[in-house]
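Q: Please arrange chain B on chain A, whose structure you already have, making use of the hints.
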Amino acid sequence: MAEDNITASQKDQIPRHAGEPTHEGSYFTPAVDIYETGDEIVLLADMPGVEPGDLDVDLNDDELTIVGRVGAVDDEGVELLSEYRVGSYYRTFRISDAVDRAGIKAVLSDGVLSLALPKAAKAVPRKIPISGG
Amino acid sequence: MYLWRTGRGHLGGELDRLRRDMDDAFSAFAGGRKPWMRSPWRETRLFPLLNVRETSDSFTVSSEIPGMRREDLEIKIEGETLSLRGERTPDEVQDEASFHRRERVTGAFQRSLTLPGKVDKDKVTATYRHGVLTVKLTKEKNALPKEVKISSE
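Those protein sequences? They're chains A and B, same order as listed. Using my numbering, you'd call the opening residue of the first sequence number 40 and step up by one each time. Using my numbering, you'd call the opening residue of the second sequence number 1137 and step up by one each time.
Possibly wrong hints are sitting among the right ones.
Here are the simulated SDA-like cross-link-like pairs (lysine to any residue), alpha carbons at most 20 Å apart as the crow flies [to be verified]:
#1 B:Lys1254 - A:Glu118
#2 A:Lys158 - B:Gln1230
#3 B:Lys1277 - A:Gly116
#4 A:Lys144 - B:Val1229
FYI, nobody ran anything at the bench for these hints, they're computed from the structure. In this text, all values refer to a predicted model and were calculated from it rather than measured experimentally.
One chain only, chain A, in its complex shape (with noise of 0.2 Å):
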């Protein structure tokens, strides 16, 4: 039985020169899922050991931007193995359509930031009467 066929990725760092925050270590970029319905952009990022008192979400004008810290782990003893790294994380997005930023929830749990962006109210089409002369 394969079951074992899920991808496992490493997660792509960001370059010191890149000009990202000038915090000190290893900042990832954190893989993320959005959609869109009707009324809401839904933004789902993969932020593992981010607590959620370390989250920052930021948006400014149309420029969406999430950092999440990720403190010093536990270093007790000697590595065995290390496939993955830790560090805290960041990425930017831009964000297209008109967002009602008062109505923006944003929920951290397992690692999981899940950010619902509320489409702003369109504005309501405007009919032009047409007078006969």
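A: Positioned in the frame of chain A, the structure of chain B alone reads:
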């Protein structure tokens, strides 16, 4: 049988990889990320990736598996072999939802790891916090180092 889903089929995955490699080549020209900065085992068939540490009396196995339901994660210890098994299920979305990006992997996984020493089966603890699974295994008493006293004649 392909159980992992990233919103694309098998071939789609291959094409995606090819596209990424091309993107890398182009971004290297443009002064962006260099392709050789990629780790050689960026994509493997192994999931989840594991980190293991050893102290004088224990082994600690940790793994980043965000968004798991505890009941979908099975941890077993048989002799010196630790097995992890589970399934990462996709979040439920409304039918009309259209995906712009789908990078988070979902699917069934199974992985086992043979530890370099005997462990006490009754003293295995597992915690799952903020998407990180940590299994702590205490070494068997007989396997613990014992100081040998030199007797004087």
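Q: Sort out whether Val1229 of chain B lies within 20 Å of Lys144 of chain A, counting only the CA atoms.
A: Roughly 17 Å separates the two Cα atoms, so the pair holds.
Q: Has the given pair, Lys1254 of chain B with Glu118 of chain A, been kept, meaning a C-alpha gap of at most 20 Å?
A: holds (18 Å)
Q: Given the hinted pair Lys1277 of chain B and Gly116 of chain A, is their Cα-Cα distance within 20 Å?
A: holds (18 Å)
Q: Has the given pair, Lys158 of chain A with Gln1230 of chain B, been kept, meaning a C-alpha gap of at most 20 Å?
A: holds (16 Å)
The earlier numbered hints are all upheld by this structure, with none contradicted.
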